[in-house]
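Asks: Protein chains in written order, with this note's numbering: chain A, 1 to 77; chain B, 1001 to 1077; chain C, 2001 to 2148; chain D, 3001 to 3148.
These are calculated hints, taken from the structure and not from any lab test.
Here the structure is a predicted model, which means the values were calculated and not measured.
It cannot be assumed that every hint is accurate.
Computed, partial: chain C to chain D, Cβ under 10 Å [claimed, not checked]:
# : residue
1 : D2011
2 : E2053
3 : G2091
4 : L2130
5 : W2136
Where is the CB? At the ideal position from N, CA and C, for every residue including glycine.
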Amino acid sequence: MAIKVKFFASLRELTGKNEALIDYREGMTASQIWALVVDGMDMPADIMVAVNMEYVKGDPVAQDDDEVAFFPPVTGG
Amino acid sequence: MAIKVKFFASLRELTGKNEALIDYREGMTASQIWALVVDGMDMPADIMVAVNMEYVKGDPVAQDDDEVAFFPPVTGG
Amino acid sequence: MHIELRAGDFDPYAEVAGYQAKLAPGKYGASAVFVGSLRDFNEGERVTGMYLEHYPGMTEKHLDEICERAREKWRLLDGLVLHRTGDIKIGEAIVVVAIWSAHRGDALDACRFIIEDLKHQAPFWKKEQLPAGGRWVEKNTSGYAKQV
Amino acid sequence: MHIELRAGDFDPYAEVAGYQAKLAPGKYGASAVFVGSLRDFNEGERVTGMYLEHYPGMTEKHLDEICERAREKWRLLDGLVLHRTGDIKIGEAIVVVAIWSAHRGDALDACRFIIEDLKHQAPFWKKEQLPAGGRWVEKNTSGYAKQV
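Bound-form chain A, shown alone (with noise of 0.2 Å):
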């Protein structure tokens, strides 16, 4: 019963968080997640989200088991 959270690159840095385990419950949302792991720090404007290794828009529902990354807008190439 746990969601794992991921943060990369500055948002990783901002956080001091790579990753982080918390308790499932039902009906927590992604903005929910951050605000629970970086204990009320704003979530930045051009944040993007995954989960399951997928990117999501809005604001989804977890899931039991769901990995939940953040992260700052992509630059490779």
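Fit chains B, C and D to the known structure of chain A by using the hints.
Replies: Relative to chain A, chains B, C and D alone:
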């Protein structure tokens, strides 16, 4: 007082000519040069003409010492 | 198609030549290759190196999906996508995208499609090393040039 | 930019790598490369080889002009155009166009511009060797793909 005439690719094979040297006469156009060198054979509709290694359009008048080339649509690359 | 992340430096043209050598000669008439390399300047600043972070698992998955979309849109014979990760030196290759097709239109269009999608969607993040310290690149620029 | 006609076979990627090795590292961020190779089929027929005729003097002059136009339109650092002449075997490279620029938009656009102009304007003519004999190729096809 001469004009050098060149043929390439399928037009070289069609006319049986690679190169010809003809006497310069004032006012000769490309199509008159073609007719003179190939004994009245029709000029193909899609022919390309270059004078001194530059493409020309229409039926330009040749100058003394010009090099006039006739060839089919190009197919390099 | 072969997609791979590499932690060490590679010669992009040797990789492309080696991959092509395994393809049946006479089938491909066109190959389109894009190579991105690390410049020593960006946004007016001198750059001395770069760290490339990615999301293990999602990055590979996303690159697979980009290539699959390209295969659906164009008639392609094969492709190679290599992308560096970790610490990169000036002048080293960051990414190579190579596409083989019977015809050039398909190869050129697919190559560009893949590099644009990769730049804007694939989970990679660049941290430039500047004389004053590290700086995360905030946004990739458009890949469509204005003519001079 | 370097422009050259070659009567013998060459390895396009080794040529591009060799040329790039002479450029200052850290200045180019993007290289776009197109390689055209001889296929063993065309317009429904089996092709066994090819003869490539050109117009000595005018061909080089025209390629120079194409590259000059590309340099006027985009911000380019350097370029390499190699084109085969004479007898070509299946799978061999016919042409390579490589463009280096700081940014990918310029490199990709200029590479495509040069190969399209070369295909439609540079004085080269292909004679395919078919099982039944030689056939002059009558027209190059468009380089802009329809999506599947």
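Asks: Under the criterion of a CB-CB separation shorter than 10 Å, is E2053 (chain C) in contact with chain D as hinted?
Replies: 19 Å, violated
Asks: Less than 10 Å between beta-carbons is the criterion; does G2091 (chain C) satisfy it with respect to chain D?
Replies: 3 Å, holds
Asks: Quick one, is the D2011 (chain C) hint okay against chain D at 10 Å, beta carbons?
Replies: Hint on D2011 (chain C): holds, closest Cβ of chain D at ~7 Å, below 10 Å.
Asks: Measuring from the C-beta of W2136 (chain C) to each C-beta in chain D, is the shortest one below 10 Å?
Replies: 18 Å, violated
Asks: A closest beta-carbon separation below 10 Å is what the hint needs, so does L2130 (chain C) meet it against chain D?
Replies: 14 Å, violated
Hint compliance for this structure: hints 2, 4 and 5 are not met, and every other hint is.
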